[in-house]
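Student: Chain by chain, the residues:
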Amino acid sequence: MLVINRYKCGYCGACVGVCPATALELVETWLEVDDSCVGCGICTKICPLGALELTEEVEA
Amino acid sequence: MKCDMVVVGAGPAGSMAAKTAADEGLDVVLLEKRQEIGDPVRCAEGVSKAALAKMVEPDPSWIAAEVKGARIYAPDGTSFVMTEDRAGSEVGYVLERKVFDRMLAMKAAEAGAKVMVKTRALGLLEENGVPTGITALHIGEKMEIEAPLIIGADGVESKVGRWAGIDTVLKPQDIEVGAQFLVQDVKIDGEYCEFFLGNEIAPGGYIWAFPKGKNLANLGIGIQGSRSDPGMALRLLQRFLKEHMPQAKILEMMAGGVPVSGPIESTTSDGVMLVGDAARQSDPITGGGIINAMRTGVMAGEVAAELVPQGDLSREALKIYEDRWRDTIGKRIGRNYSVKELFVTLTDSDLNGLVHSLGGEDVANLELKNLLKLLAKQNPRLLWKLRHLIR
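Taken in order, these protein sequences are the chains called A and B. Counting along the first sequence from 1, when you hit position 38 you're at 38 in the working numbering, and nothing is skipped either side. Whatever position you read off the second sequence (first residue = 1), add 1000 for the working numbering.
Keep in mind that the hints were calculated from the coordinates and are not lab data. Keep in mind that this is a model prediction, so the values were computed, not measured. Accuracy of the hints is not assured; some may be wrong.
[Said to hold, decoys possible] In silico DSSO-like pairs for lysine-lysine, Cα to Cα no more than 30 Å straight-line: (1) B/K1107 x B/K1068; (2) B/K1098 x B/K1249; (3) B/K1214 x B/K1054; (4) B/K1098 x B/K1142; (5) A/K8 x B/K1242; (6) A/K8 x B/K1118; (7) B/K1107 x B/K1054; (8) B/K1171 x B/K1002; (9) B/K1331 x B/K1171; (10) B/K1068 x B/K1373; (11) B/K1142 x B/K1002; (12) B/K1171 x A/K8; (13) A/K8 x B/K1098; (14) A/K8 x B/K1249.
[What the hints assert, rightly or not] If you want the footprint, here are the derived chain A segments under chain B, 3+ residues with CB under 8 Å: (15) 5-14; (16) 18-26; (17) 30-40.
Even glycine gets a Cβ: it sits at the ideal position worked out from N, Cα and C.
All chains should be modelled from the sequences, with the hints used to inform the complete structure.
Tutor: As structure tokens, this is what we get:
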């Protein structure tokens, strides 16, 4: 699953622009990810501040 | 709530669209999801003076600095200056976007548009598959805004296009991702916007220093998304700052993503037009988006004023907007996309060679085409890639 480090996030919206699943939404300074995330990892790679990470564990 | 046109996003594109349509008598609602228009900034704030002056009367309240031109540095530190004083009045401004964006929204308001802040579009209202407005969250409360025409001016993170079935997803190679510091340093020369090229400095992009007044500058980086790894933009910027301006104080920090995809297949759908970064209309070489956003905003506003009274807002009818922007801005960003695709393949030695050979050139009047010819002359292996650009 996609983990957002909110202490790093610069709420720029670049990740939203590249997300092929429309799973991300930027609400002012708050980045949201919904369950349509396919775990492709594109957003983690392009994040200028390194605020996004894919982890192995699945949501309960 | 009902209106003729609802604009999602109060950046330069949205505000110009709203102002233009309201000036022509349309009943316009302009939404901004943030509670403060223009803040936080995600922009290097450089803009061409002449192009801007065609659209709005320059005002010192939103101009942070005026520069004589650009100084471009090769990876080895060699530089050349591009002044525009002989070619015309293309001398640049560095803006104060927080003030500028609010001023443009105010102009839309003065023209009669209803501005709503802290109001986020949630999705489209539809009837028989045709959009009839949007649903929104206004200070946390759900509401509906009925309108036969929706303008998506919602920036790099645009959703309006996707809701309407327009493919706006940016591939990693078609986005420049960046970070920026507002820095204070006595070493900052306020006369030129500076650009630093190099694959080590900024892969597939560049570092910029745009002056914002005495000893102040926006120091930022953009790197190609496909060559980025997590947090790379920030790390490279921090390294550059440490090496070039070790005494600099950081007064502000921001991040951003800039579309460099060139023209996308479609920017319209039934009842929907996209403008500015939402339509991926920023320049693929420089990443500059303000002027194109304002111009396409005006075009969309004009088309809205023509079509809304007639009642036909189908995709076929909105083709007027597609044609207008593709014939103008579209041609330029299409060509610049090809140039970008080439530039990102240049090695540091190519870039050094190019800048060295400019030593004897009169770069004041140097056009892109001549720059490319020079590049091909120097690097015959690039001629094949360049052939359609220098014809």
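Student: All the hints need checking, so say for each whether the structure fits it.
Tutor: Hint check results:
no.: 1; hint: B/K1107 x B/K1068; result: holds, 29 Å
no.: 2; hint: B/K1098 x B/K1249; result: holds, 21 Å
no.: 3; hint: B/K1214 x B/K1054; result: holds, 27 Å
no.: 4; hint: B/K1098 x B/K1142; result: holds, 28 Å
no.: 5; hint: A/K8 x B/K1242; result: holds, 20 Å
no.: 6; hint: A/K8 x B/K1118; result: holds, 23 Å
no.: 7; hint: B/K1107 x B/K1054; result: holds, 15 Å
no.: 8; hint: B/K1171 x B/K1002; result: violated, 36 Å
no.: 9; hint: B/K1331 x B/K1171; result: holds, 21 Å
no.: 10; hint: B/K1068 x B/K1373; result: holds, 26 Å
no.: 11; hint: B/K1142 x B/K1002; result: holds, 15 Å
no.: 12; hint: B/K1171 x A/K8; result: holds, 23 Å
no.: 13; hint: A/K8 x B/K1098; result: holds, 23 Å
no.: 14; hint: A/K8 x B/K1249; result: holds, 20 Å
no.: 15; hint: 5-14; result: holds (count 6)
no.: 16; hint: 18-26; result: holds (count 7)
no.: 17; hint: 30-40; result: violated (count 0)
Hint violations for this structure: numbers 8, 17, all remaining hints satisfied.
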